[in-house]
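First to last, the protein sequences are chains C and B.
So for the first sequence, the working numbering puts the first residue at 7; every next one is plus one.
So for the second sequence, the working numbering puts the first residue at 58; every next one is plus one.
Derived by calculation from the structure, the hints in this document are not laboratory data.
Be aware that one or more of the hints could be misleading.
[As the list claims (entries may be wrong)] Derived contacts from chain C toward chain B, CB cut-off under 10 Å, selection only: (1) ALA23; (2) TYR42; (3) GLU48; (4) LYS106; (5) ILE108; (6) PHE109; (7) GLN111.
[Said to hold, decoys possible] Covered stretches of chain B (chain C as the covering partner; in silico rule of three or more C-beta atoms under 8 Å from a C-beta of chain C): (8) 93-107; (9) 160-170.
Note that CB positions come from ideal geometry on N, CA and C, so glycine has one too.
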Amino acid sequence: GNSVTQMEGPVTLSEEAFLTINCTYTATGYPSLFWYVQYPGEGLQLLLKATKADDKGSNKGFEATYRKETTSFHLEKGSVQVSDSAVYFCALSVSSNTGKLIFGQGTTLQVKP
Amino acid sequence: EAGVVQSPRYKIIEKKQPVAFWCNPISGHNTLYWYRQNLGQGPELLIRYENEEAVDDSQLPKDRFSAERLKGVDSTLKIQPAELGDSAVYLCASSSSRGSSYEQYFGPGTRLTVT
Numbered sequence: 007g008n009s010v011t012q013m014e015g016p017v018t019l020s021e022e023a024f025l026t027i028n029c030t031y032t033a034t035g036y037p038s039l040f041w042y043v044q045y046p047g048e049g050l051q052l053l054l055k056a057t058k059a060d061d062k063g064s065n066k067g068f069e070a071t072y073r074k075e076t077t078s079f080h081l082e083k084g085s086v087q088v089s090d091s092a093v094y095f096c097a098l099s100v101s102s103n104t105g106k107l108i109f110g111q112g113t114t115l116q117v118k119p
Numbered sequence: 058e059a060g061v062v063q064s065p066r067y068k069i070i071e072k073k074q075p076v077a078f079w080c081n082p083i084s085g086h087n088t089l090y091w092y093r094q095n096l097g098q099g100p101e102l103l104i105r106y107e108n109e110e111a112v113d114d115s116q117l118p119k120d121r122f123s124a125e126r127l128k129g130v131d132s133t134l135k136i137q138p139a140e141l142g143d144s145a146v147y148l149c150a151s152s153s154s155r156g157s158s159y160e161q162y163f164g165p166g167t168r169l170t171v172t
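If we strip away everything but chain C, and leave its shape as in the complex, we get (with noise of 0.2 Å):
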């Protein structure tokens, strides 16, 4: 079936340190690939995206590549913020007729000043 796998958090940070937070997936066809953040008390938002292999998607100075060959979309951002401090979510869908989003279990990111 179709699945996502995250790394395990916290992952705790200090300011302008970089981040990584590996992300694998399981997909049949070709699947395109999301990053969500969740900020505390808010809704999920759309951080970034990825609908075919070797595409990067980059929003607010976060970055993930589509890698077909690992099967990954790992995010990583160059020097984060205590802004940044949220859970993270990467997600599937595998149907671009309905939108369907298989998430993975979150990874909660704490920066430090």
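With chain C fixed as given, assemble chain B onto it according to the hints.
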């Protein structure tokens, strides 16, 4: 533009009681989703509506859960009777078929605690 609105934000009930959640999607969004998010997990789809039609309810536990989207706008998700295992955050999301169906906009959720 107003976002997806959900109410209530929090609900505590005793087991075997009924409960209902309400969602108002973004204006003009014809697709509406209900997800359940258990503690420490990612959201899981319960049901998807295209306008007023439920087009994917395969994950909805139909013995106790029901949903409706009258007039293709607001939606209500109901649980009757609630069980301890129903404690979770219930998320509503909406999207527009005119844009990418991948871009779903989520509400803040209703946190349900069943005691």
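Which of the listed hints are not met by the structure?
-> 1
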